[in-house]
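Protein chains: 2
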Amino acid sequence: MNLTGKQLIGFQTKAAGHRNFQGIQAASGEALPQVFVEATADEAHEALTKASAAFKVYRNVSDGERAKFLHAIAEEILVIGDVLIQTACAESGLPEARITGERGRTIGQIQAFANFISNPSWKREIVDEAMPERQPLPKPRLVQKQIPLGPTVVFGASNFPLAFSVAGGDTLSALAAGCPVVFKAHPAHPNTCDLVGQAIQQAAQKTGMPDGTFSLVHAQGHEIGGYLVTHPLTKAVAFTGSYRGGKALFDLAVRREVPIPVYAEMGSINPVYLFSDRLATQGEGLADAFSQSICLGVGQFCTNPGLIVILEKDREFLTSLAAKLDHMPLGTFLTAGIKQSFEHGFNTLNHHPATQRLTASSTPAPSLFSTSVREALAHPEVLEEVFGPCTVAVVCQDLAEMIAFTEQLPGQLTATIQAEPSDLVNLAELIDEVSQKVGRILLNGFPTGVEVSAAMVHGGPFPATSDARSTSVGTEAIYRFTRPVCWQNF
Amino acid sequence: MNLTGKQLIGFQTKAAGHRNFQGIQAASGEALPQVFVEATADEAHEALTKASAAFKVYRNVSDGERAKFLHAIAEEILVIGDVLIQTACAESGLPEARITGERGRTIGQIQAFANFISNPSWKREIVDEAMPERQPLPKPRLVQKQIPLGPTVVFGASNFPLAFSVAGGDTLSALAAGCPVVFKAHPAHPNTCDLVGQAIQQAAQKTGMPDGTFSLVHAQGHEIGGYLVTHPLTKAVAFTGSYRGGKALFDLAVRREVPIPVYAEMGSINPVYLFSDRLATQGEGLADAFSQSICLGVGQFCTNPGLIVILEKDREFLTSLAAKLDHMPLGTFLTAGIKQSFEHGFNTLNHHPATQRLTASSTPAPSLFSTSVREALAHPEVLEEVFGPCTVAVVCQDLAEMIAFTEQLPGQLTATIQAEPSDLVNLAELIDEVSQKVGRILLNGFPTGVEVSAAMVHGGPFPATSDARSTSVGTEAIYRFTRPVCWQNF
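Residue numbers (this note's numbering), protein chains in the order written: chain R, 325 to 814; chain D, 325 to 814.
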């Protein structure tokens, strides 16, 4: 497969614009050869106009035909072969094993959605049978079904160039629901986007989907993204990335003449609560596993454990954890911007009067800081997400203080309880409070590693996401892009 | 039961404010004796503080205990007896038979929610079993369940003083979900609100619910409502009423530091599509039934059929319908404000160059106007909702024009197709287009009369509601106030 460097507008390629850019090799900072042309507003408009026209057909494509289209996407991605792995590795700096694994996850996710819509129960049909003899008035037959919302604009994440990008969970759940997708390619991996975009384009053509079911546009700045979100033909938006980016799109969408839903997954610091008996039984092993979870993917996960909540009497564990982190390499960041932002976050914590550094390095490295509940609440900036391998431990005097601190926590994607049954007997109130703050709560695991399955919730209260009533991972993600319609007496 | 004229803050009554008002008899315009004290911001704050404290307990009350509480609300409402009927009739101007029927509907609705949460499947539990042997990593056990969002602010509607007010579908679905409710009483029926509010207060006390599970505050202006919606402890909002009111609350809620969901049902004009063979088989009977649907409850329904879409060749029907409407009395409006607004709407249509009046009366009365597709699209103000018995017919040259017109329609709660099988053979494309615009689509019925049942959708795309992915009638309404949480390895 050749790179195009252009917008994929339905079954065509377009490049009328005059602004160019190139992908960057994460490790070297050097530009990759392919030149990409940024989309014009006219091209974005054309993508949405085609999507809107395609929707009239695509919404009536049978579930079986749509499933075939999804399966074809998976096949076309595999057909790209090694060049996809090499390209994604080059642009993200992530190792080959990780990207190969992520491709597997992406394929599995596509198949999961294809299988999900192959069972008609996915439409959540509810039938109330007629009661023609009812007094004083007969009851009509009512059938409720989910229908797709319409053209959806998707913004991918930099940290999963395959699984949360062009053919990631957001695109696939929208396509599975029956919504055409206009994808805003991530400027951190335009080459990867180009390859996967063409795979979807080809799958759509081969399985007879209407022209405009999928489009992909490139841009470095925010202008085209804003244009797509405020365009009257757009009916929903999905985003994975920073708080700043997601909140900006949310604000645009709710201020439209006709507001539309925005599903923005904006990350979180994912508190891990540690308890005495668990620490005692797990010993060094826990510090080892914890340090690996912190450093996995250079800490560039939405579910990275950036916050430890621990009792004063257990603070010795922090020393062991810091010692482990002192031996972990930093690794290559996805982009120069993320590296810079990590360094800024590290420096802020390192010089903050409210925090104490427990790891050795005084320059940016995998790091552990500690603070007290009082200081953390007085200086909320120390609990701001530092995207990368950096964790802050909040040391609590007692369980009551731990609960009070939890009540003040903003919304999170996940929280983890590390506890033995002997710890758990005292933790009912804490766990109840924690569950109010998160989309997923784990016992004795680590939040990194998100299962793609029916019961998964990758979501959570604001600011973790813009809509806590949804998940962006797992088959339930499809219902972000549907709404119920009731058919009376049909 | 005595009237209090005060705020019901949890189990207490409060009246620290200095601004008073009285309920008004709809028929005479005279004030009812009870003086109501408007809530202060401090009282609204206290209601939400109590609701937030109550939530910690109420969210853990078992489904069975919560169902008992709901049943007790129904009982306490019945205990009020005739005085409730008389009060609601006096304040709304609606006839006794209608209010008695509405009480029955309210009781039925409460029982439906109580029964719904008595079946544990309501929590939509999804279980993914563990796969400890899976390679390369074991799969943890995942359980997804719905949990309540938290304190919910509810605004009732003037046109259903029982079924969409204090103990209406919004309050009951929130309480059923496990969310405490702070209800903003409607100033058009404060006496009715006071009685029903006390019934809920007593039911909560008798069944051992925590203090603060329910509160009710009075106010005539918008200030207290805005205060409640922007208060940090509020987690969700439900509203039934005008576009202006609902959109104002939506705008406040999405601009909060932590945005919250607003479920505003803002009404619509509910198009009815009429076809030749149906008109031929039904004859006069259809004109009769249609005129009654237009005039039911003085046309003061969100589902009132305010728009007819008809082919030029069938326009004779409009003459028959106008003749029927000429014999219908106008009736008593709910409030002086609604009467005034109906008169304004009538006069606007009556003097508009784009419309032609088909009914006889040149002063406000049950009315039918006609216009063309071209005129309707050029002058969207002629399709604005006139709350009351007033309908505009858009006459289409052919089916293609009808479809094109439908594509331009804003979101609606309902649309109705009046068609025989011989008509329907040509209508697949139209019906597909219509279904994109509505929450409910009916065949050969009238949109007034909304079943309270599992399959009902009383919702629809903006501006009919602020969130098309929900319904405010029927048991599915409960999911407006819940979100999923995933329990991993618990």
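I should point out that these hints are in silico values taken from the structure, not numbers from a laboratory.
Keep in mind that a hint or two might mislead.
Said to hold, decoys possible - Derived DEER-like restraints, expressed as beta-carbon distance ranges:
1. D:Glu708 / R:Glu457: 34 to 44 Å
2. R:Met455 / D:Asn443: 16 to 26 Å
3. R:Gly607 / D:Ala340: 54 to 64 Å
4. D:Ala355 / R:Gln732: 30 to 40 Å
5. R:Ala647 / D:Pro556: 32 to 42 Å
6. D:Glu389 / R:Arg639: 24 to 34 Å
7. D:Ala355 / R:Ala778: 53 to 63 Å
8. D:Asp722 / R:Gln544: 46 to 56 Å
9. D:Glu453 / R:Ala454: 32 to 42 Å
10. R:Ala454 / D:Gly545: 38 to 48 Å
11. R:Glu449 / D:Met455: 47 to 57 Å
As the list claims (entries may be wrong) - Cross-link-like lysine-lysine pairs, in silico, DSS-like; alpha carbons within 27 Å at most:
12. R:Lys338 / R:Lys380
13. D:Lys380 / D:Lys392
14. D:Lys663 / R:Lys469
15. D:Lys447 / D:Lys530
16. R:Lys447 / D:Lys447
17. R:Lys571 / R:Lys380
18. D:Lys637 / D:Lys663
19. D:Lys463 / D:Lys380
20. D:Lys571 / R:Lys571
21. D:Lys447 / R:Lys469
22. D:Lys338 / D:Lys530
23. D:Lys469 / R:Lys447
24. D:Lys663 / D:Lys571
25. R:Lys663 / R:Lys637
26. R:Lys463 / R:Lys338
Said to hold, decoys possible - Only some residues are given here: those of chain R computed to face chain D with a beta carbon under 10 Å:
27. Leu473
28. Pro734
29. Pro771
30. Gly783
31. Pro787
32. Gly798
Bear in mind that the values here come from a model prediction, so they are computed numbers and not experimental data.
The beta carbon of each residue, even a glycine, is placed where N, CA and C say it ideally should be.
Results of checking the hints against the structure:
no.	hint	result
1	D:Glu708 / R:Glu457: 34 to 44 Å	holds (40 Å)
2	R:Met455 / D:Asn443: 16 to 26 Å	holds (21 Å)
3	R:Gly607 / D:Ala340: 54 to 64 Å	holds (59 Å)
4	D:Ala355 / R:Gln732: 30 to 40 Å	violated (47 Å)
5	R:Ala647 / D:Pro556: 32 to 42 Å	holds (41 Å)
6	D:Glu389 / R:Arg639: 24 to 34 Å	violated (41 Å)
7	D:Ala355 / R:Ala778: 53 to 63 Å	holds (58 Å)
8	D:Asp722 / R:Gln544: 46 to 56 Å	holds (49 Å)
9	D:Glu453 / R:Ala454: 32 to 42 Å	holds (39 Å)
10	R:Ala454 / D:Gly545: 38 to 48 Å	holds (46 Å)
11	R:Glu449 / D:Met455: 47 to 57 Å	violated (30 Å)
12	R:Lys338 / R:Lys380	holds (23 Å)
13	D:Lys380 / D:Lys392	holds (19 Å)
14	D:Lys663 / R:Lys469	violated (38 Å)
15	D:Lys447 / D:Lys530	holds (26 Å)
16	R:Lys447 / D:Lys447	holds (18 Å)
17	R:Lys571 / R:Lys380	violated (31 Å)
18	D:Lys637 / D:Lys663	violated (35 Å)
19	D:Lys463 / D:Lys380	violated (32 Å)
20	D:Lys571 / R:Lys571	holds (20 Å)
21	D:Lys447 / R:Lys469	holds (19 Å)
22	D:Lys338 / D:Lys530	holds (21 Å)
23	D:Lys469 / R:Lys447	holds (19 Å)
24	D:Lys663 / D:Lys571	holds (22 Å)
25	R:Lys663 / R:Lys637	violated (35 Å)
26	R:Lys463 / R:Lys338	violated (55 Å)
27	Leu473	holds (8 Å)
28	Pro734	holds (8 Å)
29	Pro771	holds (9 Å)
30	Gly783	holds (7 Å)
31	Pro787	holds (7 Å)
32	Gly798	holds (8 Å)
Hint compliance for this structure: hints 4, 6, 11, 14, 17, 18, 19, 25 and 26 are not met, and every other hint is.
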